[in-house]
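J.: Each chain, written out:
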Amino acid sequence: MSDYILELKGITKIFPGVKALNNVQFQLKPGEVHALMGENGAGKSTFIKVITGVHKAEEGEMFLEGKKVDFKGPRDAQAAGIAAVYQHPTSYPHLTVAENIFMGHEIVKRGMLQWKTMNEEANKLLQQLNADFDSTAEMGTLSVAQQQMVEIAKALSTNAKIIILDEPTAALTKRESEELYRIVDKLKEEGVSIIFISHRFEDMYRLASRVTVFRDSQYIGTYDVNGITNADLIKAMVGREITELFPKPEVKIGKEMLRVENFSRTGYFRNVSFEVHAGEIVGLTGLVGAGRTEVVEAVCGITKPDSGKVYLEGQEIHIHTPSEAMDKGIILLPEDRQKEGLIMSWGLGRNVTLPTISKYAKSGFDNEKKERELSKELLEEVDTKAVDIFQPASSLSGGNQQKVVVAKALSQEMKVVIMDEPTKGVDVGAKAEIYAIMGDLAQKGYAIILISSEMPEILGMADRIIVMCNGRKTGELSREEATQEGILELAMEKGKNAGKEAR
Amino acid sequence: MAGKSGRSINNVPEAPLKKMILSWEGILVVLLVLVNIFCAFYSEFYNLSSLLRQMPIYLAEVFLLLPMAYILVLGEIDISVGSIVCLTATMSCIVCNTGAPFIVVILTALAVGAVCGAVNGFILTRFTELPPMIVTLATQIIFRGIAEVVLGSGGSISATNTEGLILLTGKVGQVPYILFLLVVLAVIFAVVLGKSTFGRRVYAIGTNRLTAHYSGVHVQKIRFIIYTVMGVCSGICGLFLLSSSFGANTTTGKGFEMDAIAMAVFGGISSTGGKGNLAGGIISAFIIVCLRVGLGQRNVHAQVILLILGVLLICAVALPNIIGQARRAVKR
Chain D
1 MSDYILELKG ITKIFPGVKA LNNVQFQLKP GEVHALMGEN GAGKSTFIKV ITGVHKAEEG
61 EMFLEGKKVD FKGPRDAQAA GIAAVYQHPT SYPHLTVAEN IFMGHEIVKR GMLQWKTMNE
121 EANKLLQQLN ADFDSTAEMG TLSVAQQQMV EIAKALSTNA KIIILDEPTA ALTKRESEEL
181 YRIVDKLKEE GVSIIFISHR FEDMYRLASR VTVFRDSQYI GTYDVNGITN ADLIKAMVGR
241 EITELFPKPE VKIGKEMLRV ENFSRTGYFR NVSFEVHAGE IVGLTGLVGA GRTEVVEAVC
301 GITKPDSGKV YLEGQEIHIH TPSEAMDKGI ILLPEDRQKE GLIMSWGLGR NVTLPTISKY
361 AKSGFDNEKK ERELSKELLE EVDTKAVDIF QPASSLSGGN QQKVVVAKAL SQEMKVVIMD
421 EPTKGVDVGA KAEIYAIMGD LAQKGYAIIL ISSEMPEILG MADRIIVMCN GRKTGELSRE
481 EATQEGILEL AMEKGKNAGK EAR
Chain R
1 MAGKSGRSIN NVPEAPLKKM ILSWEGILVV LLVLVNIFCA FYSEFYNLSS LLRQMPIYLA
61 EVFLLLPMAY ILVLGEIDIS VGSIVCLTAT MSCIVCNTGA PFIVVILTAL AVGAVCGAVN
121 GFILTRFTEL PPMIVTLATQ IIFRGIAEVV LGSGGSISAT NTEGLILLTG KVGQVPYILF
181 LLVVLAVIFA VVLGKSTFGR RVYAIGTNRL TAHYSGVHVQ KIRFIIYTVM GVCSGICGLF
241 LLSSSFGANT TTGKGFEMDA IAMAVFGGIS STGGKGNLAG GIISAFIIVC LRVGLGQRNV
301 HAQVILLILG VLLICAVALP NIIGQARRAV KR
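Chains as they are written, first to last, in this note's numbering: chain D, 1 to 503; chain R, 1 to 332.
A portion of the hints provided could be inaccurate.
If you anchor each label on the Cβ, the simulated ranges turn out as follows [as the list claims (entries may be wrong)]:
hint, chain 1, residue 1, chain 2, residue 2, range
1, R, Gln303, D, Glu106, 45 to 51 Å
2, D, His94, R, Ser270, 46 to 52 Å
3, D, Tyr311, R, Glu129, 32 to 38 Å
Taking lysine-lysine and the DSSO-like style, the derived pairs with C-alpha atoms no more than 27 Å apart in a straight line are [as the list claims (entries may be wrong)]:
hint, chain 1, residue 1, chain 2, residue 2
4, D, Lys359, R, Lys254
5, R, Lys171, D, Lys370
6, R, Lys195, D, Lys370
The hints are simulated quantities; they were obtained by calculation from the structure and are not laboratory data. Note that the coordinates shown come from a computational prediction; the quantities given were computed from them, not determined experimentally. Don't be surprised by glycine CBs; every beta carbon is placed ideally from N, CA and C.
Kindly produce the complete structure, drawing on both the sequences and the hints.
T.: Structural data, given as structure tokens:
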């Protein structure tokens, strides 16, 4: 029994109307890194919340080092040595690192907070993690990767024996992910057991020794990472075989649609030029912060560039507002679905028709009947998994939210489609569907710009790849000549010299 | 990409009647009836004709509610309107006393209101990071300050040429003009907010300003228009106040902004933006007006009426919370 540091048996968690977990089990060996995988909505997050005492399971038992435990709330779990680090660190951006680490369990002596001791303790923890910042730094000034490091330090400060990492690499660049791998290795050496949730196979292969798969709220199986193939794992997760993850159609590339010349915005990007043709998918990549999003936002009138020209079908155009860009057929699918792409509390239908309400309106008044018909049609076209068009966008999984964003774009007359990280936080099954939609759009003759940090996605989908670093275009590769190494080199090396000039 | 799964998504809306009965507006209508029954028992003088006769003095500030609802739906607030009312009443009284034709007096009130509103709108759209509460607090002080300077040491001005002003207090049968105008404007404001593309965009901005911006909504233009209209409506309010009191002083319109906000919030319009509709706000305005008339007839002190309204407001805001908690408790 005590082979496992943590064991859960027959866990069932019921939310009003749905079984979020159905008789699932899980075993964690001491000192192992155990990956937990499954599509969005498979029940991973709920499961984690059961472990950390946030949710109480209706049925099932949990054993910690062989002893049955019953957590009444997150505090109990924390006291028992279980800590969770979430994808988006839930920290206090205006407080210092030390204040964040000791939030809730401050060191107190005679009723006074011992900041000196806490700062020293925090620095010790940070050194242990090889952090390159100090405990007095303000949390908000750190990168996401650094903030995660603080969260891990916080977990260590509570003497956690089990650390749960919930999609820690989703918001990290390649290099930052490497750093995280190193930290996880180190924690493992120190005997900490780790549960690791991720959509990235790369993470799993690199870190985990075993992997447990959930699908549709059920336990599917636990496998040795060395003993399972990629395809089998995907099959376990999705429940069917995905024949082709990147269904890139052969499209004859047409005339030039969009050309950007010498685009500059002080502090963000400098002298960026590129063009996209009809039917072409151009990948725009680079490390996070390289200025990719900033460039397309300036093209779409969301921010103003300092200088540079934009040509649409050979004609110079001047765009000052997002609606002007849309009128001309340049459609941006923004990076952050929840903050920029959708109104989460609104129904799907209203989200789809928001940019185009005026088109159907009769003398300024909404034509709701037409809106309902059109949004139904478009949402079905992209195969959204939804019950009706009135359910709020927040009720959908990430992949389906992305489809709603696509439907919203389809409601407009498009020429150039710019997709900024369209598969961020999206599970494998939905990813393949989004790639299929992208391929379809290219086939229909739209010019597509795909911004992505995910190497396989860029290599799999793009006809041509533009790499940026520190606000500059550092290279352009054709589909044939592009390799992972080649792109990385362009994304990192040249930046060291060019960076200072751009900023 | 035509629906590989062939999944069909429902697009038939819920029956509107069922929705309405359970809504906050439904509760408010019941409350309006109850308030009228209460007033009729409480005051022997309370009936339709006395209500219509005594209503106008309380109706003027309801004009502020209409655009204030838009501003609250935007997730913003304008606390300068009471001062705009004071300034428009003062300026139009001065113009009136010069013997100018009455149409000029009306235009003065509307124009002064529009300029004040546009000042708010300009500052807020030019410097988008500034919080509306602070900006309009500043203009609240500035606009009333200008009025006080104009009013001079006496602190008040009386209308000497009342001919035109009396016109405004006229009636068709028993129904005062002000009620007519208010109902017409209320319908227009409610329909535009609820049914027009403009209204939809206002909700979009109030719910998620960034998404609205990315979706091509002219966020700043819409905000500017609404703040300017807020000023114009303050001008209408100021004009009616002038016509009912034949003058203006430094306290004219004081606290009106809070009354307008209270009516809106009581009517179910969330001060955090994106929620509520004008129907609720207008019903709640009439609840308050009826209560004021009824209690006023028995000489209940104005402060006591305010106290009652305050308690009602807290109940209205807390009620959805209490209901939610009760529901959760039952589920457990």
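J.: Against the structure shown, which of the earlier numbered hints fail to hold, in ascending order?
T.: Going through the list in order, the structure violates hints 2, 4 and 5 and respects the others.
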